[in-house]
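Residues per chain, in single letters:
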Amino acid sequence: MATLELSVQDEMVSTPVRGRRKLGLLFWLASGWVAIILSLAILAPLLPLQNPVDMDMLERRAPFSTEHWLGTDGLGRDELARLIFGARVSLTVGLIAPMIGLVVGGALGLLAGYFRGRFETLVVGSMDVLLAFPPLIFALAVTAYLGQSIPNLTLILGVLGIPAFMRVARAATLTLARREFVIAAEALGASHARILLRELLPNVLLPLLAFFLLGVAVTIVVEGALSFLGLGVPPPMASWGSMIGEGRESLDVAPRLAFLPAAALFVTVLAFNLVGDTLRALTDPRQGAL
Amino acid sequence: MLNFVVRRLLAILPVLLAVSLLTFLIASLLPGDLAFVILGDQATPENVAALRRDMGLDQPLWWRYLSWLGHVLQGDLGRSFRTGQTVLQAVAERIPVSLQLMLMAEFIGLVIGVPVAIACAARAGGAFDRFMTGSAFAMLSMPSFLTAILLIYLFAVELHWLPATGYVPFTEEPLANLRFFVLPALTLALAEWPGIMRVLRSDMIATLQEDYIALAKAKGLKPSRILFVHALKPSSLTLVTVTGINIGRLLGGTLIVESIFALPGIGRLLVGAIYTRDLVILQGVVLLVACGFVIVNFIVDMLYAVLDPRIRHGHA
Amino acid sequence: MTNIAAAVRKHVPILLVAALALAGPAQAQKPGGSITVGQELDIPGFDPLKVGVYDTSTFTAAAAIFDTLTTLDDKGEAAPKLAVSWTHSDDYKSWTFKLRQGVKFHDGTPFNAQAVKENFDRQKDPANKCRCAFYITNVREVLAPDEYTLVYNLTDPSVNWPAVITIQSQNNAVHSPTAWKTKGDDYNRNPVGTGPYILKSWTAGDRMVLEKNPNYWDKGRPYLDRIVLKPLPDAQSRFASLQSGEADIIWDDENDADNIMKAQKDPKLTVHTYKGSGAQVYAFNTKVAPFDDVRVRQALVMAIDRPKMSQAISNGLSRPATNPYGDGSWVKCKDDGALPFDVEKAKALIKDYGKPVEFKMLVTATPRGRMIGQVLQQFWKRVGANMEIEQVDQATIPSRAFTRQFQLTPWRIVDLADPDPQMYANFRSGSPLALSGFSNPDLDKLLDHARVTADLGQRTEDYCAISRLINKEAIWFWTFQNTYYALSSAKLKGFPKIYNGVIDVSNTWLE
Numbered sequence: 001m002a003t004l005e006l007s008v009q010d011e012m013v014s015t016p017v018r019g020r021r022k023l024g025l026l027f028w029l030a031s032g033w034v035a036i037i038l039s040l041a042i043l044a045p046l047l048p049l050q051n052p053v054d055m056d057m058l059e060r061r062a063p064f065s066t067e068h069w070l071g072t073d074g075l076g077r078d079e080l081a082r083l084i085f086g087a088r089v090s091l092t093v094g095l096i097a098p099m100i101g102l103v104v105g106g107a108l109g110l111l112a113g114y115f116r117g118r119f120e121t122l123v124v125g126s127m128d129v130l131l132a133f134p135p136l137i138f139a140l141a142v143t144a145y146l147g148q149s150i151p152n153l154t155l156i157l158g159v160l161g162i163p164a165f166m167r168v169a170r171a172a173t174l175t176l177a178r179r180e181f182v183i184a185a186e187a188l189g190a191s192h193a194r195i196l197l198r199e200l201l202p203n204v205l206l207p208l209l210a211f212f213l214l215g216v217a218v219t220i221v222v223e224g225a226l227s228f229l230g231l232g233v234p235p236p237m238a239s240w241g242s243m244i245g246e247g248r249e250s251l252d253v254a255p256r257l258a259f260l261p262a263a264a265l266f267v268t269v270l271a272f273n274l275v276g277d278t279l280r281a282l283t284d285p286r287q288g289a290l
Numbered sequence: 001m002l003n004f005v006v007r008r009l010l011a012i013l014p015v016l017l018a019v020s021l022l023t024f025l026i027a028s029l030l031p032g033d034l035a036f037v038i039l040g041d042q043a044t045p046e047n048v049a050a051l052r053r054d055m056g057l058d059q060p061l062w063w064r065y066l067s068w069l070g071h072v073l074q075g076d077l078g079r080s081f082r083t084g085q086t087v088l089q090a091v092a093e094r095i096p097v098s099l100q101l102m103l104m105a106e107f108i109g110l111v112i113g114v115p116v117a118i119a120c121a122a123r124a125g126g127a128f129d130r131f132m133t134g135s136a137f138a139m140l141s142m143p144s145f146l147t148a149i150l151l152i153y154l155f156a157v158e159l160h161w162l163p164a165t166g167y168v169p170f171t172e173e174p175l176a177n178l179r180f181f182v183l184p185a186l187t188l189a190l191a192e193w194p195g196i197m198r199v200l201r202s203d204m205i206a207t208l209q210e211d212y213i214a215l216a217k218a219k220g221l222k223p224s225r226i227l228f229v230h231a232l233k234p235s236s237l238t239l240v241t242v243t244g245i246n247i248g249r250l251l252g253g254t255l256i257v258e259s260i261f262a263l264p265g266i267g268r269l270l271v272g273a274i275y276t277r278d279l280v281i282l283q284g285v286v287l288l289v290a291c292g293f294v295i296v297n298f299i300v301d302m303l304y305a306v307l308d309p310r311i312r313h314g315h316a
Numbered sequence: 001m002t003n004i005a006a007a008v009r010k011h012v013p014i015l016l017v018a019a020l021a022l023a024g025p026a027q028a029q030k031p032g033g034s035i036t037v038g039q040e041l042d043i044p045g046f047d048p049l050k051v052g053v054y055d056t057s058t059f060t061a062a063a064a065i066f067d068t069l070t071t072l073d074d075k076g077e078a079a080p081k082l083a084v085s086w087t088h089s090d091d092y093k094s095w096t097f098k099l100r101q102g103v104k105f106h107d108g109t110p111f112n113a114q115a116v117k118e119n120f121d122r123q124k125d126p127a128n129k130c131r132c133a134f135y136i137t138n139v140r141e142v143l144a145p146d147e148y149t150l151v152y153n154l155t156d157p158s159v160n161w162p163a164v165i166t167i168q169s170q171n172n173a174v175h176s177p178t179a180w181k182t183k184g185d186d187y188n189r190n191p192v193g194t195g196p197y198i199l200k201s202w203t204a205g206d207r208m209v210l211e212k213n214p215n216y217w218d219k220g221r222p223y224l225d226r227i228v229l230k231p232l233p234d235a236q237s238r239f240a241s242l243q244s245g246e247a248d249i250i251w252d253d254e255n256d257a258d259n260i261m262k263a264q265k266d267p268k269l270t271v272h273t274y275k276g277s278g279a280q281v282y283a284f285n286t287k288v289a290p291f292d293d294v295r296v297r298q299a300l301v302m303a304i305d306r307p308k309m310s311q312a313i314s315n316g317l318s319r320p321a322t323n324p325y326g327d328g329s330w331v332k333c334k335d336d337g338a339l340p341f342d343v344e345k346a347k348a349l350i351k352d353y354g355k356p357v358e359f360k361m362l363v364t365a366t367p368r369g370r371m372i373g374q375v376l377q378q379f380w381k382r383v384g385a386n387m388e389i390e391q392v393d394q395a396t397i398p399s400r401a402f403t404r405q406f407q408l409t410p411w412r413i414v415d416l417a418d419p420d421p422q423m424y425a426n427f428r429s430g431s432p433l434a435l436s437g438f439s440n441p442d443l444d445k446l447l448d449h450a451r452v453t454a455d456l457g458q459r460t461e462d463y464c465a466i467s468r469l470i471n472k473e474a475i476w477f478w479t480f481q482n483t484y485y486a487l488s489s490a491k492l493k494g495f496p497k498i499y500n501g502v503i504d505v506s507n508t509w510l511e
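Protein chains in written order, with full-length UniProt numbering: chain A, 1 to 290; chain B, 1 to 316; chain C, 1 to 511.
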């Protein structure tokens with residue numbers, strides 16, 4: 001999946017030194033969108049929506065109406081309700097999976113960057129193994145083994161995200177470990193644990209958190225791709241990806257069934273990328289923005 | 001330099017070994033006993049037991065791994081129980097499709113990415129630069145399956161300009177072949193060019209700030225000459241590296257595009273192998289793809305080292 | 001000679017919905033030209049030992065490369081092909097075929113009774129562990145008393161044998177013994193038969209090119225110079241290639257209802273429909289809760305509104321089924337004992353059962369599998385039963401079914417000339433395919449009786465009683481009858497009925 005590698009490329013791209021301090025209108029628009037989608041997803045059960053799985057089999061692919069604001073899907077289910085409940089699934093997976101990457105990858109990267117030596121070689125080597133695998137094949141095989149469910153899906157995507165987080169944390173640690181305050185702490189005889197937790201962790205956390213938002217964007221995309229192929233969330237639950245996949249079947253009869261969730265997915269991913277990228281630029285230790 | 005190459009080569013051996021182990025484990029753990037799959041309606045307990053014995057499935061896992069690895073090291077990746085093809089035959093049949101797709105995608109990506117990057121770098125911060133940087137950023141948020149659907153809807157369903165899916169070999173009908181490849185290659189290229197453009201642009205901006213460029217300007221050289229000869233040339237090596245990374249990634253990563261556009265490439269071969277439980281094909285092809293990825297990465301690393309001598313001596 | 005067989009076949013009503021322009025024999029066949037067939041699946045190969053069972057796409061290729069002993073004419077009666085005539089013993093347990101003389105396989109090997117016998121022996125040999133052997137368990141032996149006489153000795157009477165062996169299946173296609181012996185593992189992808197077309201080239205996942213056999217025994221046939229078979233798994237693109245003329249005929253099914261309806265309105269296209277016997281069916285595992293209770297099974301069956309479901313999944317094209325035989329079978333029942341659609345009764349039964357009804361159903365991990373799964377889930381939710389969809393790929397379903405690791409699984413009863421092979425396998429207690437794990441002496445008695453009876457009326461009685469028993473116990477249920485579709489360019493002529501679900505283009509020509 002192309003997008004999983006986004007981090008590697010971004011690391012190589014030094015963003016232009018422009019508008020660093022000003023967050024800009026786009027940033028606020030994007031944050032606003034993320035806030036709206038998040039609250040819709042959280043409040044979905046409380047909203048006056050129709051049941052997203054109830055079918056009206058004689059009202060398939062109905063156009064927009066006062067009863068169904070965004071029409072109905074191929075099995076006569078309310079499109080608006082499915083979009084909002086789909087956001088719930090996409091965001092649940094999108095937020096929790098990168099947390100796995102953040103915690104495991106972050107810790108591994110921090111330790112590898114600090115201790116170096118054999119441990120670093122081992123960590124980097126095992127990450128290379130994970131990266132060498134075609135990620136979708138990995139996901140396919142593991143879902144086939146564990147069965148399709150949201151927790152399993154989250155777990156797989158989380159594991160696939162570990163190498164990227166590891167790289168970010170390790171790069172940040174490598175830079176920081178050479179900084180005066182760390183060297184000073186070492187000279188003062190501080191223990192490894194103290195240096196790791198008190199000096200390094202708070203400083204590594206910022207770039208990691210910024211990267212986390214990019215991870216959310218990537219995870220939403222990969223979840224979408226898996227669900228699009230029918231390997232993501234189990235039906236009748238909706239996710240944006242599965243809705244796009246189902247909508248593809250009637251692309252020439254009712255293209256909106258694919259394009260509505262597609263637009264939602266694109267705007268949300270873009271918003272997370274925008275917020276994440278802006279914050280990353282602000283917190284990049286290499287730019288001395290601490 | 002030789003020392004460095006040897007060191008790096010030794011480092012990838014354990015990675016390759018671990019890749020083979022992981023490959024084997026994943027294939028072996030897939031649900032659906034192979035003996036049942038092969039025997040189907042004939043799966044009486046006695047038949048299953050006999051077949052499992054014949055195929056060595058009753059042996060412990062580690063033993064099966066070692067014997068598989070032994071065969072692999074002798075160049076024998078096995079035969080599909082379904083079609084009787086060897087892994088190498090199956091791959092050889094599919095790889096032209098994946099290669100063609102990859103090369104066309106990379107080519108279109110470069111055709112879009114490079115001129116845009118040059119134009120942006122020439123007037124960094126200008127309106128065009130800001131617009132294209134923004135577009136590139138937006139494109140990075142566009143998953144390939146979305147791009148594919150949009151392109152199919154536009155060019156196949158609405159305009160009827162291009163076929164939605166299908167394939168003919170280039171050797172039989174070159175023109176029809178290219179028509180089939182336009183949309184899938186464009187889908188991948190639209191995901192590729194932002195990366196190419198961003199890397200090249202920032203690289204060139206940095207180069208344009210170097211002293212010798214200022215010198216060239218002072219000497220009154222034409223801006224276009226400075227841009228193409230003096231600034232693009234040093235950056236082109238970076239370009240080679242980025243392209244290398246992309247190719248490594250696309251080796252096993254065109255699965256979605258191949259599925260949507262029904263191209264009989266490596267990705268479809270793998271998905272088919274998972275669905276039909278063709279474990280021999282699955283193990284063999286994943287191993288080849290993963291090794292390809294590791295080797296391409298190795299070559300890219302070497303290129304880096306050639307480009308930047310600091311890496312050879314520092315940490316790698 | 002084959003009066004009963006003929007009578008049996010005559011009862012098969014065949015309807016061609018939009019294929020009214022289909023060529024009659026009076027029309028002049030034009031030789032030459034080439035067609036492309038859009039298929040659903042990529043063909044894995046032809047060696048029965050390797051592939052076990054042919055799928056729909058392989059059938060089409062097999063019908064061109066191989067010949068069978070008999071074929072079905074357009075009245076649905078067995079007609080000569082590699083066999084020129086046949087007789088049977090009084091008890092219908094022994095069938096003797098006289099074979100056509102002077103026929104050669106593509107590799108020059110002469111065709112004779114010994115070749116057919118070797119084909120059979122190879123499949124039957126326990127050492128070969130062929131999946132295909134399952135389908136010939138009722139054949140005790142095949143003998144070749146002289147070069148052009150072949151005798152089938154069956155374990156049980158089969159009144160319909162010459163019609164049963166018309167399908168171009170793994171068991172009936174006659175392969176060249178020389179070819180499989182010399183080619184070994186490579187034979188699978190280099191098949192050699194006596195058929196009207198010869199395999200010229202084959203790229204997996206892409207295309208198979210068949211060229212006219214210049215020495216075909218039926219002089220003047222085939223008409224086309226070349227047939228190209230292409231796997232086009234995506235229904236939309238398959239239809240698009242038919243519209244654009246890249247394909248001349250495509251396989252289709254009713255789940256592609258939008259396109260079938262579009263083709264019906266298009267004067268340049270022809271829709272070929274064949275209402276076959278059999279149905280899409282589902283088996284409850286009666287050994288595990290909650291399906292060990294007949295009330296739950298009955299409630300779930302009563303909750304299904306088939307006409308509505310047909311609307312939802314195929315714009316109403318699917319024909320509801322109330323028994324496993326269907327309108328396409330010669331088994332016609334006045335009373336098949338089908339449970340009515342009755343939501344209130346279903347709710348009452350579930351309530352009566354007392355415990356919560358929760359279970360998992362296997363569905364294939366395809367858009368169509370998911371769609372059907374979700375619709376059934378919806379019906380059952382309305383009567384208070386919670387079904388969870390478990391998506392598995394096609395390859396896993398047989399192994400899950402045979403090991404009884406399921407609660408509810410989809411299955412298929414395909415169009416065959418006689419109901420016995422499938423009904424016996426699916427419902428006789430002790431059969432590996434009796435997925436429900438249900439055993440009932442009355443049912444066994446009826447199945448045994450239907451199997452050995454020659455009288456058509458008697459057999460119909462038996463099969464209707466079987467249907468009533470299964471419907472009452474609700475151990476399996478049927479949703480829709482089998483309807484087979486092929487869409488073609490209106491220029492393609494001579495396309496026969498889709499017997500057995502096989503798209504046979506070997507005798508077609510272009511106008």
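Keep in mind that the hints were calculated from the coordinates and are not lab data.
Accuracy of the hints is not assured; some may be wrong.
Stated by the list, open to error - Selected chain A positions facing chain B (in silico; Cβ < 7 Å): (1) G32; (2) D54; (3) F115; (4) G117; (5) F119; (6) V129; (7) G224; (8) V269; (9) L270.
Said to hold, decoys possible - Estimated spans, in silico, between C-beta atoms of each pair: (10) A:P63 to B:P45: 39 to 47 Å; (11) B:P45 to C:D225: 14 to 22 Å; (12) B:L61 to C:K287: 25 to 33 Å; (13) A:L43 to C:G354: 20 to 28 Å; (14) B:M55 to A:A185: 40 to 48 Å; (15) B:P45 to C:D73: 37 to 45 Å; (16) B:G125 to A:R178: 28 to 36 Å; (17) A:V267 to B:G125: 24 to 32 Å; (18) C:D146 to B:M55: 36 to 44 Å; (19) C:N315 to B:L159: 38 to 46 Å.
Owing to the predicted nature of the structure, the values given are computational and were not obtained by experimental measurement.
Where is the CB? At the ideal position from N, CA and C, for every residue including glycine.
> Going back to the hint list, which numbers does this structure go against?
Replying inline: Of the numbered hints given earlier, those the structure breaks are 1, 2, 3, 4, 5, 10, 11, 13, 14, 19, listed in rising order.
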